[in-house]
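> Sequence:
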Amino acid sequence: MGTGGDSYSWGRPHCLLFFILLISFIWLPHIASGDGSPSAPVAYAPPDNYLINCGSKSATHLEDGRTYKSDSQAASLLYADDDFQVSQDSLPPGFSLPLNLPLSSQPLYATARVFPRPATYSFFISRPGLHWVRLYFYAIPDARSNLTGSVFSVSTADYVLMHDFSVEDGSMVVFKEYLLNVTGEKFCLRFTPKRNNVAFVNGIEVVSAPDSLLSDSAANVSPLAAYSGLSKCLFEVCYRMNVGGPPVYPEDDPLSRTWESDFQYNMFFEGAQNVSVAPNRIRYPESGGASPLIAPHVVYATADKMAESGVQDSNFNLTWRVEVDSSYWYLIRLHFCDIVSKSLNDMYFNVYVNQMMAVPGLDLSSLTGGLAVPFFKDFVIDPSFITNGSIEIQLGPATSVESSAPNAILNGLEVLKINNSVGSLDGMFSVDGVYRGHGRLSLMKVGAGIGLVFSAAAVLLLAAIFVRGRQRPQGWEKRNSFSSWLLPVHSGNASFMSSKSWSRKTGMSCTSVSKSGHSSFVSTNGLGRRFTFNEIQEATQNFDEKAVIGVGGFGKVYLGTSGAGVKLAVKRGNPNSQQGMHEFQTEIILLSRLRHRHLVSLVGYCEEKSEMILVYEYMANGPLRDHLYGSSLPILPWKKRLEICIGAARGLHYLHTGAEQNIIHRDVKTTNILLDDNFVAKMADFGLSKAAPSLDGNTHVSTAVKGSFGYLDPEYFRRQQLTEKSDVYSFGVVLFEVLCARPAVDPSLPREQVSLAEWAMKWHRKGQLGKIVDKSIIESISPNSLKKFAEAAEKCLAEYGVDRPPMGDVLWSLEYALQLQVAANAAAAEETEDKSLNLIKLDVEDSDEAEEAKGLPSSSSTACLLPDSAGASDVSEVNMGAPVFSQIVNFQGR
1 MGTGGDSYSW GRPHCLLFFI LLISFIWLPH IASGDGSPSA PVAYAPPDNY
51 LINCGSKSAT HLEDGRTYKS DSQAASLLYA DDDFQVSQDS LPPGFSLPLN
101 LPLSSQPLYA TARVFPRPAT YSFFISRPGL HWVRLYFYAI PDARSNLTGS
151 VFSVSTADYV LMHDFSVEDG SMVVFKEYLL NVTGEKFCLR FTPKRNNVAF
201 VNGIEVVSAP DSLLSDSAAN VSPLAAYSGL SKCLFEVCYR MNVGGPPVYP
251 EDDPLSRTWE SDFQYNMFFE GAQNVSVAPN RIRYPESGGA SPLIAPHVVY
301 ATADKMAESG VQDSNFNLTW RVEVDSSYWY LIRLHFCDIV SKSLNDMYFN
351 VYVNQMMAVP GLDLSSLTGG LAVPFFKDFV IDPSFITNGS IEIQLGPATS
401 VESSAPNAIL NGLEVLKINN SVGSLDGMFS VDGVYRGHGR LSLMKVGAGI
451 GLVFSAAAVL LLAAIFVRGR QRPQGWEKRN SFSSWLLPVH SGNASFMSSK
501 SWSRKTGMSC TSVSKSGHSS FVSTNGLGRR FTFNEIQEAT QNFDEKAVIG
551 VGGFGKVYLG TSGAGVKLAV KRGNPNSQQG MHEFQTEIIL LSRLRHRHLV
601 SLVGYCEEKS EMILVYEYMA NGPLRDHLYG SSLPILPWKK RLEICIGAAR
651 GLHYLHTGAE QNIIHRDVKT TNILLDDNFV AKMADFGLSK AAPSLDGNTH
701 VSTAVKGSFG YLDPEYFRRQ QLTEKSDVYS FGVVLFEVLC ARPAVDPSLP
751 REQVSLAEWA MKWHRKGQLG KIVDKSIIES ISPNSLKKFA EAAEKCLAEY
801 GVDRPPMGDV LWSLEYALQL QVAANAAAAE ETEDKSLNLI KLDVEDSDEA
851 EEAKGLPSSS STACLLPDSA GASDVSEVNM GAPVFSQIVN FQGR
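According to our numbering, the sequence shown is numbered sequentially starting from 1.
Treat the hints with caution; some may be incorrect.
Unchecked claim - 27 Å max Cα-Cα, derived DSSO-like pairs, lysine-lysine:
no.	residue 1	residue 2
1	K57	K232
2	K609	K640
3	K567	K609
Said to hold, decoys possible - Label-pair restraints from in silico Cβ distances:
no.	residue 1	residue 2	range
4	E308	K194	30 to 38 Å
5	S72	P210	27 to 35 Å
6	K775	G808	57 to 65 Å
Because the hints were derived from the structure by calculation, they are not lab data. Yeah, the Cβ is synthetic: ideal placement off N, Cα and C, and Gly gets one too.
Work out the full structure: start from the sequences and follow the hints.
Shown next as structure tokens:
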């Protein structure tokens with residue numbers, strides 16, 4: 001093995017000692033100076049740094065600055081009886097990476113090394129200690145073997161990383177990241193295909209990690225005690241999140257880690273508010289603990305804090321939930337940095353793990369001695385306390401401690417899976433392939449037991465001091481209750497991501513199950529295509545102002561064109577807008593899960609360079625409002641307006657009842673109803689949407705009031721309780737806006753006319769609605785259609801939600817109004833045709849008289865071939881003297 005190490009010189013530098021000394025002088029992995037400005041950029045020079053692009057014929061240079069050697073160039077690393085390379089010229093259409101991988105890693109998936117028989121990569125270790133092991137898998141199509149679905153295992157000399165693993169989806173990218181303590185001079189990775197299968201790998205990293213990254217002990221969640229023995233364990237990184245901020249990629253992390261955004265795991269992001277400061281304000285402690293190697297500046301410079309909810313009870317919880325395999329222990333690391341407080345000892349909050357008190361009354365400033373100083377805390381949780389296959393992290397104000405205002409904060413979150421008693425992260429098969437389901441206790445459990453015995457008395461005494469006078473939060477056992485968002489209950493299960501199928505689509509999920517019945521830990525992206533910023537710039541001609549097709553609260557909307565010539569609508573977030581990360585996250589999550597003819601489709605998104613960009617299908621005819629007033633567009637006929645209202649109602653009805661979890665749009669208005677090239681209406685802009693209550697006993701969501709003035713449900717405004725009926729009220733305003741062709745709110749009008757809802761209801765109650773109907777369509781509206789339409793709008797605007805109809809009933813009324821209009825149009829057309837035929841008949845009779853005067857034969861004998869004069873059809877019940885219609889005839893300007 002020594003020869004192999006020498007020939008692979010990039011893994012073992014000849015001048016290693018000199019290089020490390022040089023780095024230590026140039027790059028100080030030090031802490032910020034006392035004035036808050038950071039010291040020189042942090043760097044870490046790993047003694048072992050094996051980066052391999054498997055199956056490649058030459059080195060691969062990534063955009064983040066890393067270079068991956070070819071395993072063909074370092075043949076001494078690979079020991080295999082049989083292997084071959086596969087490659088592809090380009091990645092297939094629709095190829096996308098999960099959120100926990102940088103776009104720069106794409107070149108690693110163009111080649112792979114395939115093993116029909118067991119094979120081993122062996123690495124010389126120059127400095128024993130902690131090491132990262134990162135593996136990349138993508139099933140490249142190949143005629144010699146079908147990589148998709150092929151089953152194999154990956155192990156080291158002591159641990160099983162994956163057992164009977166397979167990539168079930170040919171378009172799926174799988175990334176695995178491990179952390180372990182390498183004790184010898186050689187480290188081996190063995191790939192073992194199952195019988196009649198092959199093993200393969202696209203990329204391998206074996207890289208030294210600083211020993212300070214992981215302590216041997218952590219706090220056990222229950223019972224509260226010290227837990228030791230972690231240095232002897234193998235870990236799989238399941239989740240690593242930059243809470244409250246955008247993803248952090250390897251080029252911005254000294255250990256080349258990726259930190260994904262937390263938004264798909266935030267169970268109550270309506271109660272969370274993103275906060276951030278300049279990274280140079282972060283001051284790492286001089287006495288040790290948190291450092292840039294624990295987490296970079298950019299992670300501690302962003303956070304989620306409790307939002308100003310506007311509800312009566314502001315003592316709710318920040319809640320994150322991740323799915324895990326409940327048969328394993330987990331290490332949970334929480335990162336804190338108080339970037340919101342104005343003074344010391346001003347924020348006290350409790351930390352809960354699966355509804356169990358982990359830290360009571362946490363005061364960051366007393367632990368760090370200042371503000372904007374990073375701090376992290378490690379916990380372990382026993383499988384017996386993991387229920388429903390998930391771990392919940394919750395932070396809520398410590399109500400028993402007085403502070404200026406209830407608040408809590410979290411900057412980062414990591415969840416690592418710990419090997420079981422047989423040294424495996426995937427089932428009960430040991431390295432030798434033998435099933436050991438009843439094996440001996442693991443070393444970590446023994447260590448935990450020793451730690452518990454020797455530290456129980458001291459920890460329990462400390463816990464008694466903290467929790468004296470406090471009780472376990474009331475209702476803690478209600479793990480699945482919607483009300484658990486509010487203190488004193490600590491849960492957060494009601495969310496857009498309540499289904500297991502959804503939450504497994506994102507991030508580094510640890511619960512995806514293969515056909516073989518074993519965990520495959522597959523990472524996939526269910527959020528649509530992730531565009532690069534360069535692609536967005538090309539599509540919009542570098543955000544050409546001439547391409548702007550709309551401006552909203554989130555930002556400008558540009559007309560873009562894809563490389564294939566497809567038109568796209570590109571909505572770019574304005575950093576100065578009051579709408580930000582939550583709206584961006586909600587839009588992605590919702591539209592990625594919802595597909596309906598009357599909902600705008602999300603094509604993808606971009607989150608590079610602190611940008612928040614959403615890409616939609618292009619709606620050629622723009623928002624409905626532009627076709628009603630304020631533009632020079634052609635007037636929409638009444639029948640077309642009815643069809644558009646019906647389309648919008650179908651979209652809302654689907655949200656309320658047809659989606660996997662019912663959704664409240666919360667911002668229904670004519671600018672959020674878009675029209676495609678065929679004038680098909682589609683609901684858009686889901687940035688304010690909320691999950692509707694679905695559990696027994698809950699009929700509303702208590703939340704801060706948001707929406708658009710003029711469309712806002714007055715009951716929601718008064719009681720701050722959101723229901724589907726709030727959307728119904730807003731849609732009622734839309735119906736009158738369509739009918740009257742004027743804004744929902746017009747401050748230029750007299751006081752009693754400013755609000756369209758109040759003004760229209762006033763005239764409707766008088767039976768004189770026709771006085772304010774759009775004069776351009778007044779003569780074409782069937783009175784019965786108008787009557788049915790107005791009744792539907794009036795019911796939508798009932799003062800109390802309980803008196804308003806569901807969207808299904810509104811949809812039925814609108815469809816009936818359309819039928820009445822179609823029948824009236826048909827009757828009118830028939831009457832017009834009859835009149836024309838009668839005129840022809842009269843002309844013929846006059847012609848006969850003239851012919852008779854000339855002594856020519858009369859043609860009256862052919863008159864029987866013409867239809868008789870028909871009266872007006874009563875299908876549409878047209879009554880020109882009806883009260884409603886009589887008011888329309890005497891129309892006055894709106």
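> Hint by hint, where does the structure go against what was stated? Just the numbers, ascending.
1, 2, 4, 6
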